[in-house]
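So the sequence lines, in the order shown, correspond to chains B and Y.
Counting from 1, one number per residue, gives the positions in the first sequence under UniProt numbering.
Counting from 1, one number per residue, gives the positions in the second sequence under UniProt numbering.
Just to be clear, a hint being listed does not mean it is correct.
Listed next, the in silico DMTMM-like pairs over lysine to aspartate or glutamate satisfying Cα-Cα at most 20 Å (straight line) [said to hold, decoys possible]:
| no. | chain 1 | residue 1 | chain 2 | residue 2 |
| --- | --- | --- | --- | --- |
| 1 | B | Lys172 | Y | Asp284 |
| 2 | B | Lys57 | Y | Glu537 |
| 3 | B | Lys172 | Y | Glu467 |
| 4 | B | Lys165 | Y | Asp298 |
| 5 | Y | Lys437 | B | Glu348 |
| 6 | B | Lys177 | Y | Asp465 |
| 7 | Y | Lys428 | Y | Glu411 |
| 8 | Y | Lys437 | Y | Asp284 |
| 9 | B | Lys110 | Y | Asp284 |
| 10 | B | Lys172 | B | Asp196 |
| 11 | B | Lys320 | Y | Glu426 |
| 12 | B | Lys320 | Y | Asp298 |
| 13 | B | Lys177 | Y | Asp235 |
Quick caveat, the hints were computed from the structure, so don't treat them as lab data.
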Amino acid sequence: MKTYDVMVIGSGFAGMAATLFAAERGLSVAQTGATGGIDFSTGFIDLLAVHPIAEQKVWEDPFAALVALRRDLPDHPYCRVSDDEICRALEQFTTFLGRHGLCYRGRTGKNTLTLTAAGTMKPTYLLPCTAWNGVKAWETKAPTLLVDFSGLKGLSARQIAEVRKDSWPNLKVARIKFPGMGGELYPEHMAWSMADPARRAELAQTVAPFVADAEYVGFPAILGMTDTTAVLSHLEELLGRPVFEIPTLPPSIAGPRLRAAFDRGLPALGVRTYTQKLITKAACSEEGFSFTAGSGSTSVEIFAKSAILASGRFFGKGLKANRHRIFEAVFDLPVSQPENRALWHRPEFFDPQGHEVNQAGIETDENLRPLDAQGRVFHPRLHAAGAILAHQDWMRMKCGAGLAIATAYKAVASL
Amino acid sequence: MTILTTRVLIIGAGVTGAGLLRDLALRGVQALLIEQRDVNSGASGGNHGLLHSGARYVASDVEAAVECREEGDILRRLAPQCIEDTGGLFVAVRGDDERYVSDFSGLCAKSGVPCRGLELRTARAMEPALSENLIAAFAVQDGAVDPFMLSLDNIAQAMSLGCSMRRNLAAVSMEVTDGRVTLVRCRDITTGGEVLIEAELVINASGAWAGRIAALAGAHINILYSMGSLIITQDRIATRVINRLRPPSDADILVPGGTVSILGTTSIRVPTPDGCRPSVAETDRIIDDARDMLPILDRTRYIRAYAGVRPLVSLGPAGDDRAVSRGFSLIDHAGEGVENFMTITGGKLTTYRLMAEKAADLACAKLGVAAPCLTRTEPLPPSSMGKWTEPGRGPKSWVENRAEDDIVLCECEMVSRSVIDAIVDEAKDMRGRSMLKAIGMRSRVGKGPCQGGFCGPRITGHLYDREVSTGTQGLAELKTFTERRWRGFSPILWGVPLMQADLQEALHCGAMDLEFGPAPSTRDEESENCPATAFKEPS
Chain B
1 MKTYDVMVIG SGFAGMAATL FAAERGLSVA QTGATGGIDF STGFIDLLAV HPIAEQKVWE
61 DPFAALVALR RDLPDHPYCR VSDDEICRAL EQFTTFLGRH GLCYRGRTGK NTLTLTAAGT
121 MKPTYLLPCT AWNGVKAWET KAPTLLVDFS GLKGLSARQI AEVRKDSWPN LKVARIKFPG
181 MGGELYPEHM AWSMADPARR AELAQTVAPF VADAEYVGFP AILGMTDTTA VLSHLEELLG
241 RPVFEIPTLP PSIAGPRLRA AFDRGLPALG VRTYTQKLIT KAACSEEGFS FTAGSGSTSV
301 EIFAKSAILA SGRFFGKGLK ANRHRIFEAV FDLPVSQPEN RALWHRPEFF DPQGHEVNQA
361 GIETDENLRP LDAQGRVFHP RLHAAGAILA HQDWMRMKCG AGLAIATAYK AVASL
Chain Y
1 MTILTTRVLI IGAGVTGAGL LRDLALRGVQ ALLIEQRDVN SGASGGNHGL LHSGARYVAS
61 DVEAAVECRE EGDILRRLAP QCIEDTGGLF VAVRGDDERY VSDFSGLCAK SGVPCRGLEL
121 RTARAMEPAL SENLIAAFAV QDGAVDPFML SLDNIAQAMS LGCSMRRNLA AVSMEVTDGR
181 VTLVRCRDIT TGGEVLIEAE LVINASGAWA GRIAALAGAH INILYSMGSL IITQDRIATR
241 VINRLRPPSD ADILVPGGTV SILGTTSIRV PTPDGCRPSV AETDRIIDDA RDMLPILDRT
301 RYIRAYAGVR PLVSLGPAGD DRAVSRGFSL IDHAGEGVEN FMTITGGKLT TYRLMAEKAA
361 DLACAKLGVA APCLTRTEPL PPSSMGKWTE PGRGPKSWVE NRAEDDIVLC ECEMVSRSVI
421 DAIVDEAKDM RGRSMLKAIG MRSRVGKGPC QGGFCGPRIT GHLYDREVST GTQGLAELKT
481 FTERRWRGFS PILWGVPLMQ ADLQEALHCG AMDLEFGPAP STRDEESENC PATAFKEPS
């Protein structure tokens, strides 16, 4: 049986971050997980933008928001990490991504509004560099051409221009045929095809007639898979204008880009990843944890001295629910949850208060160690990170990736 | 202001109003059908889609049983495109009332309802999902009917014969002069404008809203509102309709609906027919009860719940709603001094044609028209209006007629852009306030496992591309559409559907911040009347 220092359960933002942080500390790490949240990511790294959610109060300074949040919500997982830890975690995380071709930027201590596929403006903390020119274009309301493609669903330039027309009247749109492809288009195919400089030239040629007096050109996020910076600057050169990307609805390439960066970078740090395998059995002893990952003939046995539970919520399969209760999928840890199913969701989907079920999750101690039914530490070397933690609503607070990365950092630091 | 004149005004485009429009059209009587929302917005769109053999009523209501038997035969013969003639079973399990079981076939015989006893082994071979605890089984002639296609086909033929229909037109008041309704004042829900209608005769076919419409003319009907909730399984559980053989109660019937099965129903008295929605408690109760008959229902995946309000005409002291007659009520308000006004309500989907016939008979007598009813003998021609509501139609069309640049916008039900375009072109000014909602009503869009989570935003983008949506109106429509789906989605969220909902919320709120932006409308009245204002977003 393989023995590792740490087993990371989960391959979303929290799992990837925990794996990275542990490996960069020189620990031997195994990681399991199925397709999850990161694959549906927009690529933005939210830290914290909305609090209290019921008031929909939007903060420009996420650290000021953190002060208020820690004061108002003493059970929120952000109360377990310091600002300093958060900053170091984000720094280490984005440095790694930068080394693997995904450059990030933002304004220190400030949230930035960025365009979504719906045409709404979303506050976020760190943006892929490929989106940055869009921020500048929006802030100056510069004349901008938005391009979309026949056959690509998931982004309508006209929708964005319509939704924004009162606040950004200088938006023009063009729908073009993507060079070399017909029928229904998929962002990932398009992005890979952009690796070819000749294809970029064809694209620029097709777009050029529409540019006119536009000062910026925006595209759906299809500008390269692993070489986004090169693709972007080449297009800028060809069009003579700053270019930016807007993430499309799933399937998008924002998530696969992140996953691919980890796929390239983690093995180099000695990480053993068991992809597309969920933990089917887990046993704890004083020495550590014995896991079975996957089932049937392809299952593997793994032993680890420590473990980090970063298995996400329902979509990530970290939490499961039947008609009567919510339970945790690997250790059957107690899950803090509403009394009954009638209280899980509110009558309105878009209720600003969010659904009570979103607050469900694992209770931990100060060091993010899950608690058992008696409120004691379940195992001294089991930690939890990310969305599985109770008392947070990352979707409405706009803190998904930030919370995942920061708690992963803290969990690893507490090993 | 618009003034319309018509010989007969029918209020309410449920299946009864639709059937009545056709009946009158076939008798050569020009009629106008108006509807405050859309076709089958009320109970006609919120039922099992069960074509009753009559067996359900043999113990409680012999008249209803006979009507169902006769009408079922007529519909099977004359409107086969709307019906899946599945056959049905009545089954009892251990613990059920054995006296009721032993009386059953005799009661069926008395009503002339065909019924054949089955060996338990045979029944379980026919429907393997049935419990091992079966104690009795009978075969009957139940079937499944597509109520949307039925109403749309009725309307289509009537329109081809010169009758007309207006959706999104709500009757708000009536002028009664010398014992006659002389003017019906309506509000166009889409424009907010006033429309006046002059008719020789006004027929109230507004189902659960019949009491309110009657009151506009100063007439009085005591309607009880009985809400019934149903849940839809992800897959089809049984080939046939399966009924629990016991006195009518909750969770007694499982009806096939194309690729799914529909389980229900409950019966809860509600104070108003507006804004009914299924609850978690009801959904649980349905499953907890029905699993005795079909244990698989305890571990099956559900995709949606929904609820409709039965209009029950109260004729005596209030008691159990199921004890109130399921027969229909045809009320001539001449008895209350309004000569040219009548109400047809109550009844069942299966007997809609008979209800329309009886109402049309009375209408013709009042109008002095001698033409006989033809709906009993004339086939109902299939139309194209209801075609996209048919499960499997979208994928079939996509595979057969696929153009290279046609893309699939709804992947659960395989509805392509060209289908959406066809629906948009047909809907035109009948769209009401929301084209997205109109598309949902006329197709399988939003009805698959994602419940609109993915197809909603995609079709919204397409509607902007087509310039059907402008400004923030498209986002407001998306939010309203999502809230409408949520009504039926939220009661069944555990297991895989909960994962789906988690993803949908991550997409709509986590990624697109749609909890900000234009306010959705969730109450029926609001969704129809309130323009999208208050665009709140981060600043």
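**Report entry** Which numbered hints fail
**Finding:** Structure breaks hints 1, 4, 7, 8, 9, 10, 11, 13.
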